[in-house]
Amino acid sequence: MREIALHLLDIVENSVTAGARRVDLSVREDTVRDRLTIVVQDDGKGMEPELVARVTDPFVTSRTTRKVGLGIPLLKAAAEACQGHLHIASTPGQGTRLEAEFQRSHIDRMPLGDLAGTLLTLLVAFPQVRWVFDYSVDERRFLFDSDPIVRELGDVPVTEPSILAFLKGMLHEGIDRVQRGID
Amino acid sequence: MPQIKSLEELKRLKAEAAEKRQARTTAGRAQIVVGMGTCGIAAGARETMKAILDVIEQENLSGVVVSQTGCIGLCEWEPIVEVSTGGGPKVTYGKVTPEKARRIMKEHVIDSRVVQEYQIPG
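Chains A and B, in that order, give the protein sequences.
Going by my numbering, 153 is the number at position 153 of the first sequence; the sequence numbering is gapless.
Going by my numbering, 84 is the number at position 84 of the second sequence; the sequence numbering is gapless.
Worth double-checking, as some hints may not be accurate.
In silico DSS-like links for lysine-lysine, alpha-carbon gap of 25 Å or less [claimed, not checked]: (1) A:K168 x B:K90; (2) B:K100 x B:K90; (3) B:K100 x A:K168; (4) A:K168 x B:K11; (5) B:K106 x B:K20; (6) A:K168 x B:K106.
Treat the hints as calculated values from the structure; they're not laboratory data.
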């Protein structure tokens, strides 16, 4: 994976598979502390402590079609290569919180990448999930919640052409504002 | 905050989209499934998905159903895209780059002609 946004797309599938109805994605860039932190918090079925302990091992997966689950180990390796870490906290029946942190200025830190593309893909692929996205660079912040949009749309899917254009515009504008410091 | 003014705009767009959808019959509807497991994403599935959504937007294709699937065990063929149109059989395409996706959208989804050279053999 060449982008943090792609890792994000990959690991949230675990939340969806765990039956999450709401997933909170947070991406925080702190230029003073020089950290980049991503947090995925879901209300899925959670994991037992043994599974949490083993889940960063590439040879652990709850899936049966293939024996190797690579999403979390890949992200963990990327974070640790950048003076960072990956932590998972999970409570069975309540959900899981995954945090990955990087040294923001680290030479090996992959680019954030196309966050808007990742979010749009999630909205199309998993419309049943409420996606709450919180992106900040220092004090500038963009908040996106799919819930009011999906409720407004009713039975009109997000893949209608005009709705796609609308969502793309909204996500790109919000993310650009945070990155470029326009208020 | 862009979100506040935009919900009004969304309301209007939704009403227009709902009207347009009613005018269509379900028979012509295309279903598109994109493989989005770790293997698919690592192979470029998000860019493939974006290309599909771009064609829907540019060609103003109403009523196309787009969904995702996890790893189906054909990781070496990712990104994988399955297309079916109006009751036709499901066609599975492999190694679908954004360019291939645009061609599949134009030939298969719009003109109902299967792009045989991109199909996964077998």
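Given the hinted pair K106 (chain B) and K20 (chain B), is their alpha-carbon gap at most 25 Å? Holds, because 20 Å separates the two Cα atoms, which is no more than 25 Å.
Satisfaction of hint between K90 (chain B) and K168 (chain A), Cα-Cα up to 25 Å: 29 Å, violated
Just to be careful, I want the Cα atoms of K168 (chain A) and K11 (chain B) compared with a cutoff of 25 Å; is the pair within it? 16 Å, holds
Below or equal to 25 Å on CA atoms is what counts here, so check K100 (chain B) against K168 (chain A). With Cα atoms ~22 Å apart, K100 (chain B) and K168 (chain A) stay inside 25 Å; holds.
K168 (chain A) and K106 (chain B): Cα distance at most 25 Å? Between K168 (chain A) and K106 (chain B) the Cα gap is close to 22 Å, so the pair holds against 25 Å.
Assess, step by step, whether the Cα of K100 (chain B) is no farther than 25 Å from the Cα of K90 (chain B), and give holds or violated. 17 Å, holds
The earlier numbered hint that this structure contradicts is number 1, and it is the only one.
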